[in-house]
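2 protein chains.
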Amino acid sequence: MSIRYISQKLAQQIDEELMSASGAFSLDQLMELAGLSCAQALSKSYSVESHKRVMVACGPGNQGGDGLVAARHLHHFKYKPTIYLPKPGSKDIYKRLLKQCENLNIPVLKDVEEFKNELKESDVILDAIFGFSFSPPLREPFDQVLNAITSTTIPIVSVDIPSGWSVTEGPQPLYTEKDNTQTIKTFEPDVLVSLTAPKEGVRNFKGRHWLGGRFVPDDLAKKFELNIPEYTGVDQVVELPSAKQSSEQ
Amino acid sequence: MSIRYISQKLAQQIDEELMSASGAFSLDQLMELAGLSCAQALSKSYSVESHKRVMVACGPGNQGGDGLVAARHLHHFKYKPTIYLPKPGSKDIYKRLLKQCENLNIPVLKDVEEFKNELKESDVILDAIFGFSFSPPLREPFDQVLNAITSTTIPIVSVDIPSGWSVTEGPQPLYTEKDNTQTIKTFEPDVLVSLTAPKEGVRNFKGRHWLGGRFVPDDLAKKFELNIPEYTGVDQVVELPSAKQSSEQ
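So the sequences go chain by chain: A and B. Residue numbers for the first sequence follow the UniProt record's numbering, so the first one is 1 and each next one is one higher. Residue numbers for the second sequence follow the UniProt record's numbering, so the first one is 1 and each next one is one higher.
Heads up, a few of these hints could be off.
Where chains are identical, the list cannot tell them apart; a pair therefore holds if satisfied intra-copy or between any two copies.
[To be verified] With a Cα cut of at most 30 Å, we get these calculated BS3-like pairs of lysine-lysine: (1) 80 <-> 222; (2) 99 <-> 223; (3) 80 <-> 99; (4) 206 <-> 116; (5) 116 <-> 52; (6) 80 <-> 120; (7) 95 <-> 223; (8) 116 <-> 87; (9) 110 <-> 91; (10) 44 <-> 80; (11) 223 <-> 52; (12) 110 <-> 78; (13) 116 <-> 80; (14) 116 <-> 99; (15) 91 <-> 178; (16) 44 <-> 78; (17) 116 <-> 178; (18) 110 <-> 44; (19) 95 <-> 120; (20) 9 <-> 95; (21) 222 <-> 95; (22) 222 <-> 52; (23) 78 <-> 222; (24) 206 <-> 52; (25) 223 <-> 80; (26) 9 <-> 223; (27) 80 <-> 110.
Since the hints were derived computationally from the structure, they do not count as laboratory data.
Between the sequences and the hints, there should be enough to build the whole structure, so can you do that?
See the structure below:
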């Protein structure tokens, strides 16, 4: 039985169930494990020897929170992360996660020009900008951010859904808030870290594909027929066959 | 420079600093990472093939919370944990951690006789009863629990400080609350998982010794001269030379 690609609605429902009174998880716990999964997947894809300098691009929502946790773990894994966080989320948890990174002296950039410059000095980018709640149009400065990521030649590791992609349809032409005739091309990441279960929009993703979030209760996985493959050892991520490999079989 | 064995007072101070406004960690985060460390250390010491059935003995405090998190991760690592929790802690976090385990259908025992019986069917015990805040006398049913653990022949993995040991002095004769002439012998675990930094009382521990808690900020480690050894890869634990190995060198 192959893994299920879930809809935006089901992804939201699973998160809600995990954090309900009966699921009993806190956002702190789930974000810690999700961010750790992302850091592990990056580490298993690009070694610290060859790809030490990691640009961690964070959006204002939970996806950005996962990015902040990942940046902290990457620091402990001996990478040199730099955080780009143009619009810090207002929730208390994001402030705490940011402070934890600042305490490790991880540089935090706010300005998009600084981001573009620093990107030239980076070995790999962790894209934690938009998650499964994203819908167009693109707001500033994320049009410039996505364009810069699309233009870069360094590898891109996207968290859950590549930023700008439709959660349902995958890559899509994007328009910006100030100009609905200007379309922006979305990028194809080299590596994807799906959290809990992959989303419908990444069904045809051709790159290296990891699944993270080794906390989904068996009963919940069964109820939603997620068909999660077996993780091995103490790993927090498991590699999925890519769409390319699957179609070749 | 060898690792520092810290006092009860310093252990408390480090925890307080991590969870202060400036440290910015939540108890949920630290307990998640500490419990994950314990599960990883057990897994690296006793494989799931040879030691599938794990008795996780939990005390009423934070140490028991670490045990509940470890039990959940051990379940995901494909072990078959059973939890013994005679006195559930009253904090909300312990209730949530317990519920998360119940949602995985992990058996939870409350009765000491059931614990003794189940111990006979177990392959390894994770001792998460008392942590660095423990001081005698022993209260019921923990006198019986410690006696049962001392009598068992299966391997014992202790969290942070073997239950009953003095945080400062190590193994000590214990007396019970109801009878201060009756002394109880403490046990010597096979494996120890020190969290954040090893405590003074385990300086002469002869077994296999892991350090967990890969979240201590560099500045804090430097300030307290912890001399934490380097973790490798994405591991959440690092093995320390045991007192036996050190004295042989």
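(request) Up to 30 Å between alpha-carbons, please classify residue 80 paired with residue 120: within, between, both or neither. (result) So residue 80 and residue 120 pass the 30 Å test inside one copy only (14 Å; across, 49 Å).
(request) Could you figure out if residue 116 and residue 80 sit no more than 30 Å apart (CA to CA) within one copy, between two copies, both or neither? (result) within (17 Å within a copy, 50 Å between copies)
(message) I want to check one pair: residue 206 and residue 52. Are their C-alpha atoms no more than 30 Å apart within a copy, between two copies, both, or neither?
(response) Within one copy only: 25 Å inside a chain, 37 Å across chains, cut-off 30 Å.
(request) Since the copies are identical, ignore which copy is meant and state whether residue 9 and residue 223 lie within 30 Å (CA to CA) inside a copy, between copies, both or neither. (result) within (15 Å within a copy, 48 Å between copies)
(message) I want to check one pair: residue 91 and residue 178. Are their C-alpha atoms no more than 30 Å apart within a copy, between two copies, both, or neither?
(response) within (27 Å within a copy, 50 Å between copies)
(message) As a check of your reading, is residue 223 near residue 80 (CA-CA no more than 30 Å) within one copy, between copies, both or neither?
(response) between (41 Å within a copy, 22 Å between copies)
(request) With 30 Å as the alpha-carbon cut-off, assign the pair residue 99 and residue 223 to within, between, both or neither. (result) Result: close only across copies, 18 Å inter versus 38 Å intra.
(message) Please sort residue 222 with residue 95 into within, between, both or neither, judging by C-alpha distance up to 30 Å.
(response) For residue 222 and residue 95, only the inter-copy Cα distance (24 Å) is at most 30 Å; the intra-copy one is 35 Å.
(request) Have a look at residue 110 and residue 78 and pick one of within, between, both or neither, based on CA distance no larger than 30 Å. (result) Classified as within: same-chain Cα gap 23 Å, cross-chain 43 Å, threshold 30 Å.
(request) Using 30 Å as the alpha carbon limit, work out where residue 116 and residue 99 are close: within a copy, between copies, both or neither. (result) Close inside one copy (23 Å), not across copies (46 Å); limit 30 Å.
(message) Within a copy, between copies, both or neither: which one fits residue 9 and residue 95 at a CA-CA cutoff of 30 Å?
(response) both (27 Å within a copy, 29 Å between copies)
(request) Go through the copies and call it for residue 116 and residue 52: within, between, both or neither, with a Cα cutoff of 30 Å. (result) Classified as within; 18 Å inside a copy, 51 Å across copies.
Hint violations for this structure: none, all hints satisfied.
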